[in-house]
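Chains as they are written, first to last, in our numbering: chain A, 1 to 310; chain B, 311 to 738.
Source of the hints: derived by calculation from the structure; they are not laboratory data. Among the hints, a few may not be true.
Derived BS3-like pairs: lysine-lysine, alpha-carbon spacing no greater than 25 Å straight-line [unchecked claim]: (1) A:K20 with B:K446; (2) B:K689 with B:K347; (3) B:K605 with B:K347; (4) A:K272 with A:K67; (5) B:K387 with B:K631; (6) B:K605 with B:K693; (7) B:K446 with A:K67; (8) B:K605 with B:K343; (9) A:K272 with B:K446.
Residues per chain, in single letters:
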Amino acid sequence: MTPETRHAATVEIRPGRSWKGHLPGQYIRIGIDVDGVRHWRAYSLTSQTTSTDGLLSITVKAIPNGKVSNHIVRLLSPGTLVHLDQESGDFVLPRPLPARTLFLTAGSGITPVMGLLRNHLDGLHDVVVVHSAPTRDDVIFGDQLRDWAGTGRLRLVERYTETEGILAPEHLDELVPDWREREAWACGPIGLLDAMESHWAKADLTERLHTERFRSALITEGEGGAVTFTRQRAVVEADGATPILDVGERAGVLMPSGCRMGICFGCVVPLKQGVVRDLRDGQLTIAAEGDSIHIQTCVSAVAGSCEIDL
Amino acid sequence: MTDPTPTMVTAPKARRVSNRLNVVTTERRHVPKPSGKPDPTAHLSAADVETLARELDALRQEVLRSRGTEDAAYIRKLIDVQRKLELGSRAVLLFSLFPPAWLVGTAGLAVAKILENMEIGHNVLHGQWDWMRDPKIHSAVWEWDHASPADLWKRSHNELHHTYTNVLGRDNDLGYGIMRVDEDQRWVPMCLGQPLWNFITACFFQYAIAAYDLQLGKQLKSRGNKEQFHRDGRSVLRKIGRQMRKDYLVHPLLSGPSFFHTLAANFTANLVRNLWAHSVIMCGHFPEGVETFAKNSIDGETRGEWYLRQMIGSANISGNKAMHIMTGNLSHQIEHHLFPDLPSNRYAEIAPTIQEICSRYGLSYTSGSLPRQLGSAWKQVIKLSLPNDFSIRNTAKWVLRRRPERRRCIGTEAQATAEQCPNISTCK
Numbered sequence: 001m002t003p004e005t006r007h008a009a010t011v012e013i014r015p016g017r018s019w020k021g022h023l024p025g026q027y028i029r030i031g032i033d034v035d036g037v038r039h040w041r042a043y044s045l046t047s048q049t050t051s052t053d054g055l056l057s058i059t060v061k062a063i064p065n066g067k068v069s070n071h072i073v074r075l076l077s078p079g080t081l082v083h084l085d086q087e088s089g090d091f092v093l094p095r096p097l098p099a100r101t102l103f104l105t106a107g108s109g110i111t112p113v114m115g116l117l118r119n120h121l122d123g124l125h126d127v128v129v130v131h132s133a134p135t136r137d138d139v140i141f142g143d144q145l146r147d148w149a150g151t152g153r154l155r156l157v158e159r160y161t162e163t164e165g166i167l168a169p170e171h172l173d174e175l176v177p178d179w180r181e182r183e184a185w186a187c188g189p190i191g192l193l194d195a196m197e198s199h200w201a202k203a204d205l206t207e208r209l210h211t212e213r214f215r216s217a218l219i220t221e222g223e224g225g226a227v228t229f230t231r232q233r234a235v236v237e238a239d240g241a242t243p244i245l246d247v248g249e250r251a252g253v254l255m256p257s258g259c260r261m262g263i264c265f266g267c268v269v270p271l272k273q274g275v276v277r278d279l280r281d282g283q284l285t286i287a288a289e290g291d292s293i294h295i296q297t298c299v300s301a302v303a304g305s306c307e308i309d310l
Numbered sequence: 311m312t313d314p315t316p317t318m319v320t321a322p323k324a325r326r327v328s329n330r331l332n333v334v335t336t337e338r339r340h341v342p343k344p345s346g347k348p349d350p351t352a353h354l355s356a357a358d359v360e361t362l363a364r365e366l367d368a369l370r371q372e373v374l375r376s377r378g379t380e381d382a383a384y385i386r387k388l389i390d391v392q393r394k395l396e397l398g399s400r401a402v403l404l405f406s407l408f409p410p411a412w413l414v415g416t417a418g419l420a421v422a423k424i425l426e427n428m429e430i431g432h433n434v435l436h437g438q439w440d441w442m443r444d445p446k447i448h449s450a451v452w453e454w455d456h457a458s459p460a461d462l463w464k465r466s467h468n469e470l471h472h473t474y475t476n477v478l479g480r481d482n483d484l485g486y487g488i489m490r491v492d493e494d495q496r497w498v499p500m501c502l503g504q505p506l507w508n509f510i511t512a513c514f515f516q517y518a519i520a521a522y523d524l525q526l527g528k529q530l531k532s533r534g535n536k537e538q539f540h541r542d543g544r545s546v547l548r549k550i551g552r553q554m555r556k557d558y559l560v561h562p563l564l565s566g567p568s569f570f571h572t573l574a575a576n577f578t579a580n581l582v583r584n585l586w587a588h589s590v591i592m593c594g595h596f597p598e599g600v601e602t603f604a605k606n607s608i609d610g611e612t613r614g615e616w617y618l619r620q621m622i623g624s625a626n627i628s629g630n631k632a633m634h635i636m637t638g639n640l641s642h643q644i645e646h647h648l649f650p651d652l653p654s655n656r657y658a659e660i661a662p663t664i665q666e667i668c669s670r671y672g673l674s675y676t677s678g679s680l681p682r683q684l685g686s687a688w689k690q691v692i693k694l695s696l697p698n699d700f701s702i703r704n705t706a707k708w709v710l711r712r713r714p715e716r717r718r719c720i721g722t723e724a725q726a727t728a729e730q731c732p733n734i735s736t737c738k
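Isolated chain B, as found in the complex:
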């Protein structure tokens, strides 16, 4: 206290519940989606949802109780290995003029960069290691090897994506605002190009994320907070500048005659990481079998309902331990979405319990190998680039009969009812 006479304010006792902290599910309700898909949780009573929530709370508690020295040793060891691998690979790349050095160095650097972003960066920024109270490994101070500054990313990922997971119109991770990955998302002609957009995004994924975290799309449509955009924009440009300087200037310069080879090596390592991260992340929410939710279905959502949404709104990737580490344990996307703040090294051990809970409550637990899930996600991207009821006749009709009032109807399709828009099936 620096002020000797602080103002004394009394907070009112009455409590308006503003979060999902201790709200109890008392009734089940279902907000239908435009596609009319059935509610996959319709068979659960309000009491079921509450029991499920308490079971999951207890599971979380169990992990918290046993969290300790070994977990701390895991993340410190991992950071140590990653730092040494990166340093070693960069050292080898100083001689990248020699093809074997280029190959070894590039491969090592790509792996190091993947570890840094996924199992370390993503998870530290989630606050998974905050409990250690180590000021160096803490979500509040961690910065990562990524175009998007940690602060900006935490806001769009931790807060928006993890709170509003798969809620149509709320969670922009559903197609990143440039793709249609669910039948209930509106089709626009731009969707036709989405397999291509997706591939380009994959190649420059970290920059795409930075643009996404900046809400660049919204800004281009002249919406959103200008002042904040300028502030965030400057911070993104500074971050990209630092990243570029490190990978494309300082390191190549240090390599002397190997300048261009090292530059190419760093570009390749970044490209590999972009493709890998993009593939893993696509498998989290895009494959078939993953559920989405109507925008107003989360009004007054309880903790139990939130858990439900996370479970059926995410998909896992099966694989061995190396696979889990290289995906940053996003291969346990379901577990991660249920408990985003539990240390990633503990997801594997709770996965069987979660799967058992899912089957007991009659809920889907979407999982598959990387090729299968990736194939499924790409299939969705390609399939949904066309309207749901695509046929040559419908398309011809759509093009020929496209009139201004119809476009308005398309624009508000999420709220449109059959009365307001008799041709809703063609709108989609």
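Looking at chain A on its own, in the form it has when it is part of the complex:
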């Protein structure tokens, strides 16, 4: 555990024997127990793939109200057992390495880029990093980036959004005049990525920009929504007060069932994505992509579009 900034820390993880290795820039899903409940989150790997100790590292920024990120940054103690998925993601550099590169990042979006730079910087000769953070102190990996910039291994443009405002695509002409000639990788908040993608598209350079989105779709909670039964290929519109069991049965979906009052666990099915609300106490269960959380359909109602493995 190494603190990086006020709100970010790096965690080193010793993988088990079934770990197959990763490419720089990829991410892994990490399962971590918070208050006894296992939660899975995806984090970019920032370690060197050739490191001799075989340790993996991730750098986590605590987001406001983030249950898992705050737990990792503030409460996690060395020696804790965490669970790993295999690596995934295609935010990787091509072979041969491009001659001129531009990395556009903001906040914790620097993490996959750090994974790339730590592993590939020796093979990259003309590198520009444009990084946004609220203040100088908030720049994750600030020391290492400035160190590289100081020794001429890359050109670093830091933008402090608290005083200078958010980076807009129009600023690029001034900051990196030759951005059109560079192969670009961008990672950061959705707003930044959307703006850059349309900017590159306007310049007809879409294929030169590679982006990494931490959250492909924001999960929103609400009342009711569409519930998809993936195996039986049915989509049913549900209100926020009817148990999913009833919703499915009325639409002719084959549902496992039992006591219909929340005690027997005979109806549990995996929620792959979406939000459900426990009708007894209003408790929300949220599943993001890659999750598979068992829910009791007889006491759960849809609280935002759901995907159920049935």
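Following the hints, complete the assembly by docking chain B onto the known chain A.
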């Protein structure tokens, strides 16, 4: 989604209430039982039942709020201890030729097997630990050291017994279909042998449960779903085969010259567990003071009424912490039946509140030491092996005047009224 054009169906908005989830008690009703026993909840108004339900809901919520790291550590530690105890005992039994090793190994294995079935298996299969989202300690995947496959057991226990607790004709746990444990159950001559049946069941309890979960009795009477029976039957036989292979073949073989001693040790450990589990389970619903309910009394039952039924339909066993763990916290049967999905390690702390609620609402909270409750349950089994109004004269009458139309009347006794069956008192 694999299909690019899924069918879009709109569920109708109107909601037919099909469960006890959010139905409010608006009136009290009582369906009398054939024995004419009074309704122990008659003094409660519909509003009382609702207040009681909200109090219990709030209590559950309180436990859910504080459920966390310590509870997770409890079950993991327990599983760890159980695994080590079982492994250690089996290792000692490799030398079971030596009497001290046999004794120590058998005792250790019996305790390990009891822990595995009761505090771990039973409770994990109830979904008490599903909230941890640990894919290894989850009701959907857990399999236990028991003749009855987890899936089958969950259906007959979690779904049928826990939903229909002590409802005559609905909850087969009331005497497992082979015994009469309540005055309102029909007496048949087979009941005369029930003290013996009960003892035999106790010795082979895990197989009796497997047969029970299979609804073997129903099948023998040529009722029930044949196809499902065959499917379930195969799964039970496979499970029993695996269990037998482990305890009576592989482990003894590994013991080499101690083959027969290890075999005997495993048999003994299984026997001890059978007797223990059977005794604990008998104390849950059979002792005197536990209420039963008429079959149609649960039509349109509300959550509050369900809670009521669980409270007065179960009995606790008093004892220390070790006792609670060894019974899988079924010593807190009342708490378990009210909240079957709360982690078992939390029942003890809510027990005083439940007891206080019971006394405030004028409801019985049946509890006693293991010998007392077990004695009471056995007394019921023995007493009820005879008809309710047993006397030599009545029995002689019953035998002498047994005619076909009377037998029909006995058969439908639950629905029989005095008009249809003038001799209802002798029928019972």
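Okay, the hints, checked on the actual structure:
1. A:K20 with B:K446: This hinted pair holds, its Cα atoms lying about 22 Å apart.
2. B:K689 with B:K347: OK: K689 (chain B) and K347 (chain B) at ~19 Å, within 25 Å.
3. B:K605 with B:K347: holds (14 Å)
4. A:K272 with A:K67: With Cα atoms ~20 Å apart, K272 (chain A) and K67 (chain A) stay inside 25 Å; holds.
5. B:K387 with B:K631: Distance ~16 Å between K387 (chain B) and K631 (chain B) Cα, so the pair holds.
6. B:K605 with B:K693: holds (23 Å)
7. B:K446 with A:K67: The given pair, whose Cα atoms are some 23 Å apart, holds under the 25 Å limit.
8. B:K605 with B:K343: holds (9 Å)
9. A:K272 with B:K446: Given that 25 Å is the threshold and the Cα spacing comes to 18 Å, the pair holds.
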